[in-house]
Amino acid sequence: MDFLIFQVPMLTVQAVLDGLLLGILFALIAYGMALQWGVMNIINIAQGDLVILGGYIAYFMYLYGIHPAWGVIVSPIIMYFVGVIIYKLVINKVVDRDLFISILATFGISILFMQLMNFAFGADVVLANSGYGTTMLFDNSVTLPNSKIFSAFISIVFAIGLVIYMKKSKLGRAIRATAQNARAAKILGVDTEKVYAATFGINAALCGVAGALISITFTIHPYMGLPYTIRSFMIVIVAGLGNLPGVAMSGMGLGVFEEFADYILGTEFRIGSVFLLLVLILVYRRFKLSKKREYLK
Amino acid sequence: MKIKNIIITFVSAIAILFSTSVVSLAKVVGDKIILGAAISLTGKYSSNGVHTQNGYNMAVDRINSMGGVKVGGKTYMFDIIYYDDESNPKRAAQLAERLISQDGVEFMLGPYSSGLTKAIAPVTEKYGVPMVEANGASRSLFTKGYKYLFAVLAPANLYLDVAIRTAVELNGGKGVRIAQAFEQDAFSQDVRLGILDAAKDTGSKIIIDDKLPKELNDMAATLAKVKATKPDVLVVSGHTKGALTAIRQIAEMKVDVPMLAMTHCDAAKLSKQHGANSQYALCASQWHKTLTYKDDFFTDGMTYDADFTKEFGYAPPYQAAESSAALLVFKDAFERAGSFDQKKVRDALAATNMQTFYGNIKFAEGGQNVDKPMVLFQVMCDDAGKCENKVVAPLKWASAELIHPIPKWSDR
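The listed protein sequences derive, respectively, from chains D and Z. Reminder that position 253 of the first sequence reads as 253 in the working numbering, one-by-one numbering, no gaps. To convert, take the position in the second sequence, counting from 1, and add 297; that gives the working numbering.
Hint data in this document are derived by calculation from the structure and do not stem from the laboratory. Honestly, I wouldn't trust all of these hints.
[Unchecked claim] No more than 16 Å apart at the CA atoms, straight line, and that leaves these computed lysine to aspartate or glutamate pairs for EDC-like:
(1) Lys502(Z) with Glu466(Z)
(2) Lys508(Z) with Asp96(D)
(3) Lys471(Z) with Asp498(Z)
(4) Lys423(Z) with Glu394(Z)
(5) Lys659(Z) with Asp592(Z)
(6) Lys371(Z) with Asp629(Z)
(7) Lys194(D) with Asp96(D)
(8) Lys569(Z) with Asp124(D)
(9) Lys508(Z) with Asp482(Z)
(10) Lys444(Z) with Glu422(Z)
(11) Lys640(Z) with Glu422(Z)
(12) Lys329(Z) with Glu632(Z)
(13) Lys566(Z) with Asp124(D)
(14) Lys511(Z) with Glu268(D)
(15) Lys551(Z) with Asp139(D)
These figures come from a predicted structure and were not determined experimentally.
Just chain D, same shape as in the assembly:
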């Protein structure tokens, strides 16, 4: 029974596709996290809560009769300003400080957001229906919800857009310069304060897109943010900082790995196996690092 996946070959295809689609969506959230971690050296615990807030924007559009897919445009615009406001109020006071301080600060923001969303939107689990239907492959033995395909497609579009923006635009170059060496960038006339605000805003906007997509593929609830924070944290750790293509790869890889763990080990070990993988990767990194140092001596 445990090895159903080997008896029914089509399940392998299903698992790979499900994992990829899920992984791409998670990679988008991790993308934002990697960006601001790299630039500002801040681990944003409130990442998942920004995602959920973005989801609520799409949900309310749906409630008022607008198709929730428009949320992928409206939500990032609103969330960009939310991000900039959070930066101005809190983050700019912790940006050059110890990593621990920034974790505490964003943890506080996370709790505040959860409670405010609960207060404003209620504690019911909600979702937005896109009505996109289903794509069936291989004589109906593999089914892919179109909403998931749509999510993956939009995530890829935004990810590619971001990469191009970072390469070509003035602000993008300023962000990259600040990430490499904030002091040098400052000396050369980059307004790092503005760069930080924009980076946090872009991160929040990416969370907004992801949230809108999650509201049409999964469900949203004020207290559901933390799993998204943890997942994106894991993806960034696996990929390494400042490695945007790596984030995409590790997002998809983890997605597929998780699906297979579900089929082979059982659903209860799904999350556990991802954590185990994380530990192994960290130990391996550490091992490689210690090797290197010895070599240098």
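Dock chain Z against chain D, hints included.
Showing chain Z alone in chain D's frame:
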């Protein structure tokens, strides 16, 4: 400086006065019986917490307006002290301590959810405070030997038992193949144990037994397994999130299964959020308005439904109905005990044998209600897409005939 001292003395004097007067507010003052309750008014259980509170308040108003509680020839009115437990078990236990030792409450009403009831029960037990609870169904509450805990609802392991037995019956008495997916929390795992028992009894086979993570938002893997193995029954329990996720993904992945049984459809507002996609789902419920139980206060389920809707502006979920029933049980026990002695009230509660609009109530040794079966309703939609929940099992209470097997997605 002097003025400051005077002010401080004055304020502390008032504070002391208040604190003592609160203590003297205990249990029965004048013509008032004061009950205590920690309820989730904020936090993740706040929707159901509010249903619970509304249910309690509705019953308090009704009993008081219909003559109150008569004990030893004197008439008393109910009153409740509420605190917000923030959906947090630790906070709930602290508040229970506070209600009992500071506010002097001698009788308690339960909080919302099994987890919080589990946190409070040891406290009420320690102080010998009788607690009637209406929202903690986990089986482990009733196996700890608690003497002062009484639950008006059926325990969690019976939630979907009816579904399996109905499926077996429809299969000509032969065992069925069951696929199940349960969240890893106390309540859902108890529901799972109930299914395991029912499967053993009926000779059914469990072919998929997935335990969903708490942060569940994707069941695609489980449903793909269901598609591949084609079971006779699919059982899902994972609170409102589980119910909503299951319906969304079953519809998206076009999973055909002859019977789909779930919990928390009511609380998830399944048919409102998913419309016709939720059609044919079977849902376990503690209560339904069409059941024909009766009492003197709320008349019957239909009347309760109408009165509650008029007062609070929404139809009562079963969480509200069972909460109202808890007050009826307390009133009955006080009157039979003829006293406010905690021991006597406890014994009177243990001897409860009554019918309320919510169902029959009779407590087993462990405190669970053994006289009220669970009902199953099925979501049924008309051509216009308007959906309604109709009771289909047990047959005695059925208001519509069960649609079985569920039509295939290609024919819907």
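Hints that the structure is at odds with (numbers, increasing) = 2
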